[in-house]
Amino acid sequence: MCEIYTDVTGVFTADPRVVSQARKLKHLEFDEMLEMAGAGSKVLALRSVEFARNHNVPIHVRSSFTWEQGTWVTSEERKGEKNMEDPIISGVVHDAGDAKITVLGVPDQPGVSAALFEPLANANVNVDMIVQNTSTAGTTDISFTLPKTDVAIAQPIVEKIAKQVGASGVTNDSNIAKISLVGAGMKSSPGIAAKMFRVLADNKVNIEMISTSTIRISVVVAAPMLETAVRALHTAFDLDSGEEYSAPLPERK
1 MCEIYTDVTG
11 VFTADPRVVS
21 QARKLKHLEF
31 DEMLEMAGAG
41 SKVLALRSVE
51 FARNHNVPIH
61 VRSSFTWEQG
71 TWVTSEERKG
81 EKNMEDPIIS
91 GVVHDAGDAK
101 ITVLGVPDQP
111 GVSAALFEPL
121 ANANVNVDMI
131 VQNTSTAGTT
141 DISFTLPKTD
151 VAIAQPIVEK
161 IAKQVGASGV
171 TNDSNIAKIS
181 LVGAGMKSSP
191 GIAAKMFRVL
201 ADNKVNIEMI
211 STSTIRISVV
221 VAAPMLETAV
231 RALHTAFDLD
241 SGEEYSAPLP
251 ERK
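Sequence positions in the sequence shown follow the working numbering and run 1 to 253.
Since the hints were made in silico from the structure, they are not lab data. Hints should not be assumed to be uniformly reliable.
To be verified - Straight line, CA to CA, 27 Å or less: simulated DSSO-like cross-link-like pairs of lysine-lysine: (1) K24 - K42; (2) K148 - K204; (3) K148 - K163; (4) K160 - K148; (5) K187 - K24; (6) K148 - K42; (7) K24 - K195; (8) K26 - K195; (9) K42 - K26; (10) K42 - K187; (11) K187 - K26.
Whole structure, please, built from the sequences with the hints as guidance.
Here is the structure:
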């Protein structure tokens, strides 16, 4: 068992700075914690969770300032904690640290995507979500997200490749945010994506990109709509605790 002491009392269903009624989770499976870490949760580093899962080492995330029980991250539900009424969604995770680059008017032919993303990989640019729209008149647009800190490296590379392949232009947008629903219950619960999209639509939040895995759905939205979207989703998926979180929190950076 590995105990990790941090400045919060465990892993929460959302960032308590954004969702005041976020609640602490008693337990997460490794796969859920991996998805949360990859989607932007800063409580645990992705590599530490990968290492623990590979060696089947349970993690206990708890506060450095209290003896209060934190969040257990293990390969399976801890004995005595299984609850048939547990929410399907374990958390709403957000990340405002990404930007989006779009290559416009890309010729719709084999090899173009490889020509674009191989140089980015060679430059150690960490590409996250990728979307290619439906081809129109022999051309298409390719959009992808990456850390804002990598834009200065990626932009000239993409512009160079765009000229080589005959694309019509390159744009970038740093005013975006990624929001993800994570939960092992998604695997056996149809309709999660539809509900997520309806909640966002009802709150006037436009979806720019969509990405999914077995237990995660991520969307890219305009950054000014981040907090509205996170709070609405947290409430819609029955994650609100019913009381305000009162423990001191580290400053947002």
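message: Just to be careful, I want the Cα atoms of K187 and K26 compared with a cutoff of 27 Å; is the pair within it?
response: 20 Å, holds
message: Next pair to validate is K148 with K42; report whether the Cα-Cα distance is within 27 Å.
response: The hint holds at about 16 Å.
query: Has the given pair, K148 with K163, been kept, meaning a C-alpha gap of at most 27 Å?
result: Status holds; Cα separation ~23 Å.
query: Are the Cα atoms of K160 and K148 separated by 27 Å or less?
result: Given pair K160, K148 holds - Cα atoms ~19 Å apart, limit 27 Å.
- prompt: For the pair supplied as a hint, K148 and K204, is the alpha-carbon distance within the 27 Å limit?
  reply: 25 Å, holds
message: Given the hinted pair K26 and K195, is their Cα-Cα distance within 27 Å?
response: 25 Å, holds
message: Next pair to validate is K42 with K26; report whether the Cα-Cα distance is within 27 Å.
response: It holds: about 18 Å lies between the C-alpha atoms, which stays within 27 Å.
task: Quickly compare the C-alpha distance for K24 and K195 to 27 Å and report which way the hint goes.
output: Holds, because 24 Å separates the two Cα atoms, which is no more than 27 Å.
- prompt: Taken at face value, is the distance from the CA of K42 to the CA of K24 at most 27 Å?
  reply: 15 Å, holds
message: Given the hinted pair K42 and K187, is their Cα-Cα distance within 27 Å?
response: Between K42 and K187 the Cα gap is close to 25 Å, so the pair holds against 27 Å.
query: Keeping to a limit of 27 Å between CA atoms, is the pair of K187 and K24 held or broken?
result: With Cα atoms ~23 Å apart, K187 and K24 stay inside 27 Å; holds.
Hint violations for this structure: none, all hints satisfied.
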